[in-house]
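Numbering (the UniProt record's numbering), first residue to last: 1 to 65.
What the hints contain is simulated information worked out from the structure, not anything from laboratory work.
Quick caveat, the model's predicted, so the values are computed rather than measured.
Just to be clear, a hint being listed does not mean it is correct.
What the hints assert, rightly or not - Derived SDA-like pairs (lysine to any residue); straight-line CA-CA distance at most 20 Å:
id : residue 1 : residue 2
1  : Lys-28    : Glu-38
2  : Lys-28    : Leu-40
3  : Lys-28    : Arg-18
4  : Lys-28    : Glu-39
5  : Lys-28    : Glu-17
6  : Lys-28    : Gln-16
Said to hold, decoys possible - Simulated restraints on C-beta separations:
id : residue 1 : residue 2 : range
7  : Ala-6     : Leu-37    : 45 to 51 Å
8  : His-8     : Lys-28    : 28 to 34 Å
9  : Leu-40    : Arg-12    : 38 to 44 Å
10 : Ala-35    : Asp-11    : 32 to 38 Å
11 : Ala-14    : Gly-44    : 44 to 50 Å
12 : Met-30    : Glu-3     : 36 to 42 Å
13 : His-8     : Gly-44    : 53 to 59 Å
Beta carbons: idealized from backbone N, C-alpha and C, even for Gly.
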Amino acid sequence: MQEMEARHRQDREADQERHQRDFERSRKEMQYRFARLEELVSEGIRCGDIKPTSSPTPHYDMGYS
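With these hints in hand, go ahead and build the complete structure from the sequences.
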(Lines of atoms letter the chains of each structure in order from A and count residues from 1; the text may use other names and numbers.)
(Lines give C-alpha, C1' and ligand atoms only; values in the text may rest on other atoms or scores of the structure.)
Protein backbone atom coordinates (compact mmCIF):
# COMPACT_ATOMS: atom_id res chain seq x y z
CA MET A 1 0.00 0.00 0.00
CA GLN A 2 2.73 2.47 0.94
CA GLU A 3 4.60 1.43 -2.20
CA MET A 4 1.58 2.35 -4.31
CA GLU A 5 1.17 5.70 -2.55
CA ALA A 6 4.86 6.46 -3.06
CA ARG A 7 4.55 5.62 -6.76
CA HIS A 8 1.49 7.87 -7.10
CA ARG A 9 3.32 10.69 -5.34
CA GLN A 10 6.32 10.28 -7.67
CA ASP A 11 4.01 10.28 -10.71
CA ARG A 12 2.30 13.46 -9.47
CA GLU A 13 5.65 15.16 -8.87
CA ALA A 14 6.88 14.13 -12.33
CA ASP A 15 3.66 15.47 -13.88
CA GLN A 16 4.08 18.77 -12.03
CA GLU A 17 7.70 19.08 -13.20
CA ARG A 18 6.71 18.28 -16.79
CA HIS A 19 3.87 20.81 -16.63
CA GLN A 20 6.26 23.45 -15.25
CA ARG A 21 8.80 22.80 -18.05
CA ASP A 22 6.07 22.96 -20.71
CA PHE A 23 4.74 26.17 -19.18
CA GLU A 24 8.21 27.77 -19.14
CA ARG A 25 8.85 26.72 -22.75
CA SER A 26 5.49 28.15 -23.86
CA ARG A 27 6.10 31.36 -21.93
CA LYS A 28 9.54 31.83 -23.49
CA GLU A 29 8.16 31.13 -26.96
CA MET A 30 5.39 33.69 -26.46
CA GLN A 31 7.89 36.26 -25.16
CA TYR A 32 10.01 35.67 -28.28
CA ARG A 33 7.02 35.95 -30.60
CA PHE A 34 5.83 39.13 -28.91
CA ALA A 35 9.32 40.66 -29.11
CA ARG A 36 9.54 39.71 -32.80
CA LEU A 37 6.11 41.21 -33.45
CA GLU A 38 7.18 44.42 -31.71
CA GLU A 39 10.27 44.51 -33.98
CA LEU A 40 8.13 44.13 -37.08
CA VAL A 41 5.70 46.81 -35.93
CA SER A 42 8.55 49.19 -35.09
CA GLU A 43 9.90 48.60 -38.61
CA GLY A 44 6.54 49.74 -39.95
CA ILE A 45 5.27 46.36 -41.08
CA ARG A 46 1.50 46.24 -40.92
CA CYS A 47 -0.68 43.18 -40.39
CA GLY A 48 -1.67 43.21 -44.06
CA ASP A 49 1.99 42.67 -44.98
CA ILE A 50 2.14 39.37 -43.12
CA LYS A 51 0.98 36.61 -45.43
CA PRO A 52 -0.33 33.25 -44.29
CA THR A 53 2.06 30.40 -45.03
CA SER A 54 1.08 27.43 -47.15
CA SER A 55 1.41 25.31 -44.03
CA PRO A 56 -1.68 23.25 -43.13
CA THR A 57 -1.56 24.68 -39.61
CA PRO A 58 -3.02 28.17 -39.26
CA HIS A 59 0.06 30.17 -38.32
CA TYR A 60 1.65 33.11 -40.01
CA ASP A 61 5.19 33.44 -41.30
CA MET A 62 6.73 36.43 -39.54
CA GLY A 63 10.29 35.58 -40.46
CA TYR A 64 11.05 32.86 -37.94
CA SER A 65 10.37 29.18 -37.59
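Indices of hints not satisfied (ascending): Failing hints: none at all.
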